[in-house]
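Taken in order, these protein sequences are the chains called A and B. When we follow this note's numbering, the leftmost residue of the first sequence carries the number 1, and every step to the right adds one. When we follow this note's numbering, the leftmost residue of the second sequence carries the number 103, and every step to the right adds one.
Note that these hints are calculated values from the structure, not bench results. Glycine residues also receive a C-beta, built at the ideal position from the N, C-alpha and C atoms.
Derived Cβ-Cβ restraints for the label pairs, each shown as a range:
(1) B:Ile-232 with A:Leu-2: 33 to 41 Å
(2) A:Lys-90 with B:Leu-130: 39 to 47 Å
(3) A:His-89 with B:Val-210: 45 to 53 Å
(4) B:Lys-244 with A:Ile-13: 40 to 48 Å
(5) B:Thr-187 with A:His-88: 39 to 47 Å
(6) A:Lys-90 with B:Val-221: 42 to 50 Å
(7) A:Ala-57 with B:Ile-232: 22 to 30 Å
(8) B:Leu-142 with A:Ile-53: 22 to 30 Å
(9) A:Leu-2 with B:Ile-236: 41 to 49 Å
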Amino acid sequence: MLTLNHYLALSAILFCIGIYGVLTRRNAIGILMSIELLFNAANINFIAFSKFITPQALTGQIFAVFVITIAAAEATVGLAIVILIYRHHKEINVDKINIMKW
Amino acid sequence: MVVTLKNIFHSLLFLVLCFFSIAGIYVLLNAEFLAAVQVLIYVGAVTVLLLFAIMMTAQIYSPSLRQTNEQVIPGLIIVLVLLVTTLFILGKTAWKISSKMPEAQSTVGIGKSLLTIYVLPFEVVSVVLITALIGAIIIARKD
Chain A
1 MLTLNHYLAL SAILFCIGIY GVLTRRNAIG ILMSIELLFN AANINFIAFS
51 KFITPQALTG QIFAVFVITI AAAEATVGLA IVILIYRHHK EINVDKINIM
101 KW
Chain B
103 MVVTLKNIFH SLLFLVLCFF SIAGIYVLLN AEFLAAVQVL IYVGAVTVLL
153 LFAIMMTAQI YSPSLRQTNE QVIPGLIIVL VLLVTTLFIL GKTAWKISSK
203 MPEAQSTVGI GKSLLTIYVL PFEVVSVVLI TALIGAIIIA RKD
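Chain B extracted, bound-state conformation (with noise of 0.2 Å):
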């Protein structure tokens, strides 16, 4: 849906749907803390950010404009084949998969490790988004 619908508008909003079925899917797999992080960047940051980006460049998006370029044909070989191969190579491959029972509660696994052992990791990233977010800023800026 979010990849074929005419109007951006509308593919945005299953877009929102797509997100919150993650991070149901988080919950699943015992990983709260990312739902909740998932919740909050994606379907409150990332999707207002889109919205306002589709907003400021309205008529663009009428539906009776043609969406989709010429290549949809070798797109869709393209994929099946990338899809067939990749579920070829999963149902080949035997994992490891471990029989401990993982931890109860996730949250406080990560925030310990981000603190530890990825401390560097951590700060690194919060370099680069500052450096994205004034990047951002001065190139949307008039001049």
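Isolated chain A (complex conformation) (with noise of 0.2 Å):
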């Protein structure tokens, strides 16, 4: 039978992933597939509290709707500003875009 704490500790596992991805990606789209993977971990942990700590409410499913709608709406706008970076430097890679470093 699985418990919360296995949830929690693959919810938590997966975020470490994601977490390692933008720290170490060079390529902005990878960054974004990262970016993710971090909402897929809130997710679980969200449905998680919602079934074993209040199995009667749906808050934390409603939450988790939430949730996909402004992940979706992140990577959209995301994606569109990597298009636009790319059209002008034909460059993706976030360690050689510093336009902004000064």
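Join the two chains, each given in its own frame, into one complex according to the hints.
Right, here's the structure in full:
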């Protein structure tokens, strides 16, 4: 039988993998993919708490719906920015893009 | 796999596999509606968006190119410390586990709550979505 701690541990591991991806990827699209992993880890937490702590109220699942919506919006805007940067610089490796550093 | 593979197209395919597994976990957690939404939005929409972006920025993802920056070792250390701390805290916390059984059909409950108690956040999130859509179009437009 799976308990709450199993789901929370899975979510923590997924979150850490996502953080590692954000920290080490050079490609901007790779960073966006890692951010999607972070959102999914948060969603697993929401739904696990919703099932195990408050089974009668569906608050966690409704919050997960909102998080999925925001994640979709974030992916859209992020990819638009990536494509704009690519069109201007022919480059999407984020360690080469330093026009905002000064 | 998603964060370490050199070919970003392969890592996108592994991301799809990861999304499907998470949908399966949602089914295990009595959230059938969210599993369906996960498959539709992530596997359907977000993946296609990422695929388009990868295709439009071609020759960037040639396998010979280095995909990680020079922060691999510090990043690994930070992530491991974070993981150990989180698991330690998770192991020590005593959650108030409810003994009631969850409802069999969560979709009905989600629909009712979205249009009664949570109707204001529901509308606000739709406004946020359309704002992001318009913003993305304006940003990516040729000028």
